[in-house]
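Build the full structure now, drawing on both the sequences and the hints.
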Amino acid sequence: MVAEPLVWAIFLLPLLSFLLISLVIRPLFNRIAVISGYLLIAALSVSLVLSLVILVNVAQGADASYAAHTWIDLGDAAIEVGILLDPVTAVMLFVVSGVSLLVQIYSLGYMKGDPGIARYFAYMSLFTASMLGLVLSANIVQLYAFWELVGLSSYLLIGFWHDRPSAAAAAKKAFIVTRIGDVGFLLAIIYLFFHASQFAAEGLNALHIPDIWQAAQPLATGGAVLGGTALTLICLGIFAGAAGKSGQFPLHSWLPDAMEGPTPVSALIHAATMVAAGVFLVARFFPLFQEARDAMMVVALVGGFTAFAAATLGLVMNDIKRVMAYSTISQLGYMMAALGLGAFGPALFHLFTHAFFKALLFLGAGCVNHASGTFNMRYMGGLRTFMPWTYALLVVGGLSLVGIAPLSGFWSKDEIITAAWLGGGPVDPWVAQTVLALLVAAALLTAFYTFRMVFLTFHGEFRGGGAQELKDAEESGSAQPSAVSQEVHLAESPRVMVAPMAVLGIAAVLAGYIANPQWIKSLLGIPWHWFSYFVESAVLYGHPETPPFNWAVAGISTAVAVAGIGLAYLLYARAKEGMTSPAGMAEASDAGGEHSEGHNHDHGHAHVDVAPQQADPLERGGIIYTLLYRKYFVDELYEGLLVRRIFYRFFAGITDWLDRSLVDGIVDLTGWLTRQFGRLAAQFQTGQVQFYGAVIVLGAVLILVGYIAFGTGLGG
Amino acid sequence: MSLESMLVVAAALFAIGLYGALARNNVIAVLMSIEIMFNAVNLTVVAFSKYVAPLALRQEIGSVLTGQVFAVFIITVAAAEIALGLGIVFAMYRNTESVSLSEANQLRH
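Protein chains in written order, with this note's numbering: chain B, 1 to 716; chain E, 1 to 109.
What the hints contain is simulated information worked out from the structure, not anything from laboratory work. All C-beta atoms in this analysis are idealised placements derived from N, C-alpha and C, irrespective of residue type, glycine included. Among the clues, some could well be false.
Stated by the list, open to error - Calculated from the model, a selection of chain E residues having no Cβ within reach of chain B, i.e. all distances over 12 Å:
#1 P54
#2 I61
#3 T66
#4 G67
#5 A80
#6 E81
#7 I82
#8 F90
#9 E103
Unchecked claim - Residues from chain E shown here face chain B by an in silico Cβ test under 8 Å; the list is partial:
#10 L18
#11 L101
#12 N105
Have a look at this one:
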């Protein structure tokens with residue numbers, strides 16, 4: 001058993017780093033702010049080592065139960081602070097601290113020279129600490145506090161470049177949209193709190209997570225502490241919170257906009273960890289969901305639909321990070337669908353592999369942005385020759401995302417599709433079949449958009465990068481360019497950025513197979529299906545099962561993936577490949593070399609051959625293309641209908657009217673009355689002493705007459 | 001001389017003084033009217049002292065002079081008051097070249 005302070009240290013070290021950076025380094029040593037990055041990296045290294053120790057301990061079956069510390073005693077329900085260390089927590093600790101460490105190392109290169117670098121690392125520390133605290137929480141209120149803290153750090157980091165109006169707007173949108181989902185989560189907590197006496201009657205604490213699991217289980221006397229409609233509603237409330245964080249339809253619209261944040265932020269928060277917190281939350285309360293079949297069905301269908309719909313949107317985006325954002329939403333949909341189908345192990349396995357390859361893809365997008373000065377893929381192209389490492393790693397990440405054997409994404413996605421294929425979970429067969437169809441279709445689309453991205457970015461000829469984009473934007477007078485700096489710098493990224501990507505690349509290749517050897521009984525001492533069984537052992541009730549490897553499913557998903565890649569090749573790579581002459585490539589690479597010395601992009605721009613803009617072949621899709629390009633008009637629906645019509649005009653109109661007429665009316669009336677009374681009273685204030693005297697005499701006489709007429713006499 | 005006749009004279013004096021104090025526009029005349037009212041009060045005090053002081057008290061100490069002492073006090077205070085009042089009237093005259101009460105309303109503004 002690992003000592004409790006060591007477990008707390010995983011969470012406290014990044015928190016300490018946050019305090020040191022924001023209270024000491026930023027105010028006092030801002031000139032050498034880059035040390036804040038080293039401080040955070042050191043803290044995270046220790047956290048990672050501790051996480052590994054804990055993972056090994058938990059995997060070997062060591063006792064990992066810790067007594068909770070009472071924080072606020074409220075009678076029936078004490079709010080406690082404690083550690084819930086089970087296999088899911090152990091895996092999440094490893095993923096969060098590991099990916100965060102790699103992303104921080106990458107950030108040293110990516111954020112180099114940014115004036116706000118101390119602030120950046122302070123926010124990153126806060127985020128990592130909150131995320132680690134979130135996965136460790138044993139109490140639902142404790143979990144909710146960290147849940148909101150990761151939301152806060154996400155807000156701060158999306159709006160990191162707050163002088164960009166679009167970044168500020170995106171941060172606000174992310175905060176508000178996730179908050180809508182959080183209302184559901186909060187309502188579930190409030191329900192538990194107000195029914196604490198029923199829990200207490202069974203000797204349970206309504207806010208302690210393992211007690212909540214137990215409450216949902218049938219009692220010997222029949223029924224359950226938590227059951228029926230109430231349980232379904234609680235599950236749906238929890239799922240609403242999870243859907244907000246994980247960008248599930250219809251609360252997905254914030255995640256693509258969140259790409260306004262710095263790219264390492266997108267890699268860590270909006271791909272690998274925070275958005276997976278929603279999946280983690282549903283997994284955390286999985287014993288409840290198992291008892292609520294209707295809620296399971298909702299989770300499965302929402303997940304399946306999100307996986308498909310987000311993939312269709314990813315087809316037409318021109319911004320490389322937005323393609324990946326939709327891809328992330330889609331993959332999170334896979335995880336949710338797996339949970340809904342009762343496939344607990346596969347969902348977390350996909351979370352695990354996805355964290356590595358999606359972080360890799362995002363970091364690759366950051367490198368591409370550094371080289372080309374843009375995020376718009378229409379201005380990229382041909383980067384393969386300038387940055388071979390990035391190219392190779394992005395292809396590895398892409399293939400893993402698409403699900404090509406033997407890369408990690410294949411194994412995890414395959415398990416999810418197999419679970420839908422077998423459909424033996426708690427939901428009805430038609431739900432499993434619908435989800436299966438959606439997931440397979442999404443797999444085809446995933447392959448297509450991923451390789452559309454690879455071909456547009458790395459193949460063909462260079463199309464001018466940020467400089468060209470800026471020029472075009474100025475000519476057409478359109479909005480701000482996609483990247484913060486438009487500097488074109490066609491060269492491979494520095495080692496500090498490529499090295500973390502290489503580590504993630506290795507993980508993306510091996511994580512799936514090594515962690516979970518699929519058809520060998522044992523590999524390097526790791527047993528068959530080890531990973532899924534390991535995380536499933538965290539579910540103390542109901543015992544979900546991971547389906548065995550299925551050749552038919554593997555064949556179908558591979559065929560679909562290859563078909564998608566082939567389609568992307570036909571549309572985006574073949575025609576343009578022929579146009580690039582070897583001489584032209586050499587010339588371009590020379591220009592790139594020159595360019596890396598002189599940082600003047602206008603100068604470099606003249607040397608680099610700029611290929612003409614070409615229409616996207618998908619534009620031939622006509623109305624469907626427009627529908628996808630405008631994101632199913634969801635933003636228009638939310639902005640135009642919900643926000644503007646209903647909130648601004650209707651709700652705001654009513655409150656505005658109430659404020660103007662009622663509230664202002666009362667205030668005005670008070671003032672008016674006082675003024676009128678004052679005007680009346682001022683009539684007596686003549687300044688004539690004799691008038692005052694006369695009034696005093698009159699008063700005295702009146703009192704005297706009053707006494708004589710009604711009183712009992714002056715003296716008596 | 002009875003108590004009633006003294007009180008009637010005092011009441012008449014007080015009424016005349018009150019009328020003068022409220023109706024005359026000249027500050028000096030108002031001050032004089034106030035003096036009349038003081039003396040009306042003095043008269044009642046002395047009269048009451050003479051006619052209605054408790055019998056037991058009168059038998060014990062021969063004669064009761066409380067009202068008379070009060071009257072002397074009032075005369076003293078009235079002298080002080082008139083000195084102060086005339087000072088104010090002088091100051092007022094220096095500033096506005098007028099001793100009219102209806103024009104002395106600066107404190108209103």
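The hints, checked one at a time:
no.	hint	result
1	P54	14 Å, holds
2	I61	24 Å, holds
3	T66	18 Å, holds
4	G67	18 Å, holds
5	A80	20 Å, holds
6	E81	15 Å, holds
7	I82	17 Å, holds
8	F90	17 Å, holds
9	E103	10 Å, violated
10	L18	7 Å, holds
11	L101	6 Å, holds
12	N105	3 Å, holds
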